[in-house]
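**Q** The residues making up each chain are set out below.
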Amino acid sequence: MDAKILEKNLLELIRRTSSQLPRDVVEVIDKGWRKEKKDSSGKYALEVIRDNIGMAKDKSQPICQDTGAIICYADLPQWCDERLFVKAYEKAVVKATKIGYLRQNSVDSITGENSGTNLGPGNPTFHFHPVKGKSLTVKMMLKGGGSENMACQYSLPDNRIGAGRDLAGVRKCLLDATLNAQGKGCGPGILGVCIGGDRGSGYIAAKETLFRTLDDVNPDKRLAKLEKQILKEANSLGIGPMGFGGQTTLLGVKITHRNRVPASFFVSVAYMCWAFRRNGIVMSEGGKISRWLYES
Amino acid sequence: MLLEAPFTEKKIRALRVGDKVEITGLIYTGRDAVHKYLHDGGKSPVDLTDSIIYHCGPVVVKEKGKWVVKAAGPTTSIREEPYQGPLMEKFKIRAVIGKGGMGPKTLEYCQKVGAVYFHAIGGAAQVLAERVIEVPDVHMAEEFGSPEAIWEFRVERFPVVVTMDSHGKSLHEKVLAESTKNLSKLLG
Ligand code: SF4
Numbered sequence: 001m002d003a004k005i006l007e008k009n010l011l012e013l014i015r016r017t018s019s020q021l022p023r024d025v026v027e028v029i030d031k032g033w034r035k036e037k038k039d040s041s042g043k044y045a046l047e048v049i050r051d052n053i054g055m056a057k058d059k060s061q062p063i064c065q066d067t068g069a070i071i072c073y074a075d076l077p078q079w080c081d082e083r084l085f086v087k088a089y090e091k092a093v094v095k096a097t098k099i100g101y102l103r104q105n106s107v108d109s110i111t112g113e114n115s116g117t118n119l120g121p122g123n124p125t126f127h128f129h130p131v132k133g134k135s136l137t138v139k140m141m142l143k144g145g146g147s148e149n150m151a152c153q154y155s156l157p158d159n160r161i162g163a164g165r166d167l168a169g170v171r172k173c174l175l176d177a178t179l180n181a182q183g184k185g186c187g188p189g190i191l192g193v194c195i196g197g198d199r200g201s202g203y204i205a206a207k208e209t210l211f212r213t214l215d216d217v218n219p220d221k222r223l224a225k226l227e228k229q230i231l232k233e234a235n236s237l238g239i240g241p242m243g244f245g246g247q248t249t250l251l252g253v254k255i256t257h258r259n260r261v262p263a264s265f266f267v268s269v270a271y272m273c274w275a276f277r278r279n280g281i282v283m284s285e286g287g288k289i290s291r292w293l294y295e296s
Numbered sequence: 001m002l003l004e005a006p007f008t009e010k011k012i013r014a015l016r017v018g019d020k021v022e023i024t025g026l027i028y029t030g031r032d033a034v035h036k037y038l039h040d041g042g043k044s045p046v047d048l049t050d051s052i053i054y055h056c057g058p059v060v061v062k063e064k065g066k067w068v069v070k071a072a073g074p075t076t077s078i079r080e081e082p083y084q085g086p087l088m089e090k091f092k093i094r095a096v097i098g099k100g101g102m103g104p105k106t107l108e109y110c111q112k113v114g115a116v117y118f119h120a121i122g123g124a125a126q127v128l129a130e131r132v133i134e135v136p137d138v139h140m141a142e143e144f145g146s147p148e149a150i151w152e153f154r155v156e157r158f159p160v161v162v163t164m165d166s167h168g169k170s171l172h173e174k175v176l177a178e179s180t181k182n183l184s185k186l187l188g
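As they're listed, the protein sequences go chains Z and G.
Just so we're aligned, residue 1 is where the first sequence starts under the working numbering, counting upward by one.
Just so we're aligned, residue 1 is where the second sequence starts under the working numbering, counting upward by one.
Check each hint, because a few of them may be wrong.
[What the hints assert, rightly or not] Label pairs and their computed distance ranges (CB to CB):
| no. | chain 1 | residue 1 | chain 2 | residue 2 | range |
| --- | --- | --- | --- | --- | --- |
| 1 | G | H39 | Z | T213 | 39 to 49 Å |
| 2 | Z | V131 | G | T24 | 50 to 60 Å |
| 3 | G | K181 | Z | D58 | 55 to 65 Å |
| 4 | G | G41 | Z | K59 | 26 to 36 Å |
| 5 | Z | K228 | G | T24 | 38 to 48 Å |
| 6 | Z | K228 | G | D137 | 49 to 59 Å |
Calculated from the structure, these hints are not laboratory results.
Just so it is clear, CB atoms sit at the ideal spot from N, CA and C, and this is done for glycine as well.
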């Protein structure tokens, strides 16, 4: 493996992730825009958002000034060493920050000091899986602070909203989370949900499920049904883009599940804003990118 | 509709919740440090009479001796809730631009003073930066640092929506109340 080529490919991955929204997200935003009432403030918000998406792509500039937390998932074949991968990725991040694809977004939680490079304890976040095949798959997500602040976790039963330990209870949690977020997380948003797990693994799985495309169908029939139902019901609440009112409150709902211990029943909800930046590559040992995930 | 400087009380009082407005003229950025400073009795380096304050920590760089805005999206406004109303009254500030809306105290002062809250489109960094056509000056950059400084932005057709007006109406309150009602209907 040539580390220089890997670094170059990763830099291009960061550039595209920061400046181009995935095909599936753009499609759903367009659909929402067509649906909103003529001359409404909700339609206006989506109009500005659509213009912004086009401009960012043309100018190769960040879609939103908050380029968020950098989350990386990689499927590593035998030829790709984890430490070498991390080194190449970090170099690409530092470069991307210098060029301006990424904002300086890593702050020391004790001193308040900004590292200026986007590197620091826990930044970026890596998740590795060893794989048998020959290709390296790298997926990344940029998750903005405003949307992250809208994440929430329920412990069932929840008496405040009358949610019990079943899918009917989960439905109440997800609608409650949507109501509480209003437009504050730069909606229209996307919910990534994990039923079960512990407090930590639940949130991680909730975020991970956002790597699914918005137009796919959950292979688990029960969850597919729930996803469809929540999307429809959330969009009937009237919150709309930016919380201005309207029919486009959520762009998608993605649900996964983990086993739990008998004493706990968590529902973890990750909220993603309209600036849903994720992308991915499939790369050979020779350094050739054979596929861009999420692009048409 | 278009709103052009000067931002007089009469023009501002004519605005209603839900109006889509494009602003043209000079506006000032200001966020946490500036609000606290002015609230504590600090002197404003610019005349804020009939002004618009933008809750924004922009990315501005100097290119060929001129300031150029790279990103200028809104930041969350509710942090200024304790200060905003009294400052509107003291300096005759006619409007603030931000995101997420503000609370009952600011709404009350909007009525009293003749001011409004404009909601910008969160995350639309490129469109909003493009509508800032000139940066004539910057104030208090040494004291507060670049993102917290008072930047003078000459904007052209800067897109916002009125979500709190000078007649006691708040779109945020309305949407929250309606969506809460819709949800309880849905849950039966
Ligand atoms: S929530 Fe998303 S769109 Fe809004 S400012 Fe943050 S990153 Fe940008």
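**Q** Please go over all the hints and tell whether each is borne out by the structure.
**A** Against the structure, the hints:
Hint check: G/H39 to Z/T213, Cβ distance near 48 Å, so the stated range 39 to 49 Å holds. Between Z/V131 and G/T24 the beta carbon distance is about 56 Å. The supplied range of 50 to 60 Å therefore holds. The beta-carbon spacing between G/K181 and Z/D58, approximately 42 Å, falls outside the hinted interval of 55 to 65 Å. In this structure, G/G41 and Z/K59 break the distance hint of 26 to 36 Å, their C-beta atoms being roughly 43 Å apart.
A hinted range of 38 to 48 Å holds for the C-beta pair Z/K228 and G/T24, which are about 45 Å apart. Distance hint check for Z/K228 and G/D137: the Cβ-Cβ separation is about 54 Å, which falls inside the suggested range of 49 to 59 Å.
Hint compliance for this structure: hints 3, 4 are broken, all remaining hints hold.
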